[in-house]
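**Q** For reference, the chains in residue letters:
Number of protein chains: 2
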Amino acid sequence: MVDLHSVLTIAGSDPSGGAGIQADLKTFTALGCYGTSVVTALTAQNTLGVQAVHSCGSDFVDKQLTSVLEDIPVHAIKTGMLYDGGTIAKVVQRITSHFEANGKSPLVVDPVIVSTSGYRLLDASATDAMRLDLMPLAAIVTPNIPEAEYLLSASGYAEIGSIPAMKLAAERLAAGGHTAILVKGGHLVIHSEQLDQLDVSDCVIEYADMCNPDYPKILRAANGPCNDIHSDLVVDVLFEPNPTKRVQPFTLFARHRITTKRTHGTGCTLSAAIACELAKGQSVLAATRLAITYTHMGIATALPVGRGHGPLNHLHSLITRVVPQVTAHSPFPFVASLIRENQETWDGYVKHPFVQQIGRGTLPKECFIHFIKQDYLYLKYYARAHGLLAAKASDILSIQSSATIMLQVARESKMLESFCVEWGLSSSEIATTPESTVTAAYGSFILDSGLKGDDVSLLVALAACLLGYGEVGLWLAYKSQHAESGTILEGNPYRKWVEDYSGQEYQAACCEGIYTLEARIAADPPSPSRFRELSKIWSRCVELEKGFWDMAISLS
Amino acid sequence: MVDLHSVLTIAGSDPSGGAGIQADLKTFTALGCYGTSVVTALTAQNTLGVQAVHSCGSDFVDKQLTSVLEDIPVHAIKTGMLYDGGTIAKVVQRITSHFEANGKSPLVVDPVIVSTSGYRLLDASATDAMRLDLMPLAAIVTPNIPEAEYLLSASGYAEIGSIPAMKLAAERLAAGGHTAILVKGGHLVIHSEQLDQLDVSDCVIEYADMCNPDYPKILRAANGPCNDIHSDLVVDVLFEPNPTKRVQPFTLFARHRITTKRTHGTGCTLSAAIACELAKGQSVLAATRLAITYTHMGIATALPVGRGHGPLNHLHSLITRVVPQVTAHSPFPFVASLIRENQETWDGYVKHPFVQQIGRGTLPKECFIHFIKQDYLYLKYYARAHGLLAAKASDILSIQSSATIMLQVARESKMLESFCVEWGLSSSEIATTPESTVTAAYGSFILDSGLKGDDVSLLVALAACLLGYGEVGLWLAYKSQHAESGTILEGNPYRKWVEDYSGQEYQAACCEGIYTLEARIAADPPSPSRFRELSKIWSRCVELEKGFWDMAISLS
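Protein chains in written order, with this note's numbering: chain A, 1 to 556; chain B, 1 to 556.
Hints are computed from structural coordinates only; laboratory data are not their basis. Treat each hint with caution, since some may be false.
Identical chains blur together in the list; that is why a pair holds if it fits in one copy or across any two.
[Unchecked claim] Computed list of lysine-lysine pairs in DSS-like fashion (alpha-carbon distance at most 30 Å, straight line):
{"id": "1", "residue 1": "K365", "residue 2": "K380"}
{"id": "2", "residue 1": "K536", "residue 2": "K217"}
{"id": "3", "residue 1": "K452", "residue 2": "K380"}
{"id": "4", "residue 1": "K452", "residue 2": "K536"}
{"id": "5", "residue 1": "K414", "residue 2": "K380"}
{"id": "6", "residue 1": "K351", "residue 2": "K261"}
{"id": "7", "residue 1": "K245", "residue 2": "K351"}
{"id": "8", "residue 1": "K496", "residue 2": "K479"}
{"id": "9", "residue 1": "K365", "residue 2": "K217"}
{"id": "10", "residue 1": "K536", "residue 2": "K280"}
{"id": "11", "residue 1": "K496", "residue 2": "K217"}
{"id": "12", "residue 1": "K479", "residue 2": "K365"}
Please build the complete structure, drawing on both the sequences and the hints.
**A** Following this line, the structure appears as structure tokens:
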């Protein structure tokens, strides 16, 4: 979310959170936009109905509008309940002068007149102002059927009881202007066969979900035998006076009708979602399509709240991010999370008695030799795992990086051989060392992680060794510099080992490992379950590293 | 988000969206809670300051409270700007009777007195009511330093300029009661060395980010040489009169101080986040810790909005869900998305001329024979890929499922052999058929998807074949039933082929494939980039399937 899209709603407040600016702000947030909101009137309401209304007065609406518009660049505006003619007049005046000063931005007008529960939300005399003054400023107006009937009643228009009537109403509400009209079909039950018989010369039907006659048969079959193509639908009718990329001015959005009482705030949510998509630069058609889907999913996934007409679920489009974003003071959130989530195991590994004895130079020689011999055997797994990593790569840079590491390991392996000779071991002794169970377990686990998972799983499995040895190197170097707990490098038989792992070359490899992991995670943020899986791989490898040093100390 | 956690805020409205109920609702939404909000007063404000305030009157606050509390089960409540003593009295009265009737739920009191920009937000005379009547009802109160000073001024308490002073203030504000006090340290610069010297007998210091002395050295090193452990910190002090699982009553939350003007609504956001975590059942300590992290990340990732003190980023904890949730009318959203996103390619595959000619029985015999021979060779890849899938499995059921499919393929392979004999081919002819390029390309691509990715990548690669043949089977069966475009099974030389793929056994395998994929995706919802990657694998396989039939027709 690098681009910030600001959206303003001008509407009433619903304390129970299902409609009004509350529904709007939830929608803005769920769709990744920055929400601002001017309150026209407070209500005391809940899922059972509206208990009271408190007008804030058109002057205070104007003051709020001024505060927002003078400071925040707003990329789209929506209006909801405007309460009275005075408020509409102020809103029209303020928006007009804002458009004049800053250029036009998309306006969505949800012509709220009566609440779902039947409460009158707009002054009767204000309907004309809505239709004649506000609507022409809008990119799109989104009446439901009763609102469309109401707005057209002055021109003697009758009941809207069919799709052709919805189309006609939409066209008449556009009144020859540039405003698109979406007549929402929630109040009208359409049977799918009515759509089959429709004249489609001037319209495109967009089916969502399984009501689509072209829905894959394989999915219909998988849903069981009770799957009837013919069923009750909701059809929303969009009229675009100047459609782009289409010759047909009408688009019909059809989907299965859901039998539910959880529809409180549907209109608010839909118009808010259209505003968000327009703010992001979508066309009226695309914005409407996305918003209808978002709203529908909100109804379909709603949980029970309250005893009456419950609210939608505004959160269905979101997943919780488990690995935080990068910040200046937490530049490596993924690796930091892996370590923190397994802190005790990690500390048991990097501050292992083996490590501390290395730092003091007191580790028995035979333990170190046992360790080195097994490390020599382990390195083959480590190199092979990088071969597997290269085989799993998507770009040549990753392949190059794996190859470089394999070459480093080959050199390190040679170094270990000569190191062993220095410690009095013959080459044949090294070559014939039997592999300990821990070495085999650890090496195989890394390869298995790579076989089972993708490159990230394998990178995580490899990181416990890479980063752990880097941490040990830095920790011992730090302790010797500060002469902590007897750590000393001068005259320490293991000095070279410490200097290798705290040295520039090894540390550069650590950095590259960290950067690679963080970049992959930032580009493809893991779901909570995926993070748990990666954390499990990490924790297992950290345990196996600790086991490796246990083995060295116990000579097992 | 199966459990619904409802949270209520009682606070002022900030039309510019950074503070007040707007910040609260954004926080509730971002943290997955259902938000309700009672407005105490409207403000006209923006990032530059507060331009005007309109009180709604304590009676209307009471009406809103009644509407919410009588209908919505609220799991936690927070209060923000309460404006005057009358409102505090009504809130205290209503919450007290609500607790009496329904049992106590956690209350978070953010004692808002003065805005960041210096605007007085609470009547002077109301401070006593806040301290004596409201605060004792709370689970936790969250003053910043000026507010703590103000609340304690009656008892002659002086300036709070150090951590010991913050601790003392917190303890005194708790006043021997059960309420936890969080004194927020945003107004006080603490140098990290001050913390090193602190007496920690009665407190635990929890470091976030790189200010932690125990932060992994490897990550510090990876952040470059400019990394100074010693720096300016923000320290929030929590006092718990009855700490759980700890003997120390004080917890200090320390983190790097961020130099920024984007702090508008920090206090609102923090108290709202605490309320969310308490609603979810977290302890006061855990809720405070999570909320501080959430708020800090909001500051650290804030984008520029407005010309003054800009708002936090409330969206940092969210990822957009690309694969919608399952609903009654869209039971297989992942597979449906794959097909829809690649509709044209999919249609080119399942409605291929080869398929249509099969349906009419007009496909030249040599094309079908060529197809069958290559299909025979392809089946080996398909079976091997299931071997690889079994090798990548995490549970025995998946392994069982792969093994079953491999056995089915072995049977199918035998059937194809006898089928070929029926069509006049000798066994040796089948055995010596050279593999066409398309067969090799397709088979290898599936295996490569399994080598590169995890089991889901491989499942997607395999699904194009599995589901496509299922769709073709159903489509042809449907067309022949409806005698569409010459499709007929009676006397059709390819009848058995159509009946096999539309038959129960094959369709059951399709169902299992669909269920498995949907279950994996629901448990581990893909990020946008991961979905794109899976969609690419799918689309490539669908293209290769189409290529397979092109090959059959062109005998290439």
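**Q** Tell me the numbers of any earlier hints that the structure contravenes, in ascending order.
**A** 6
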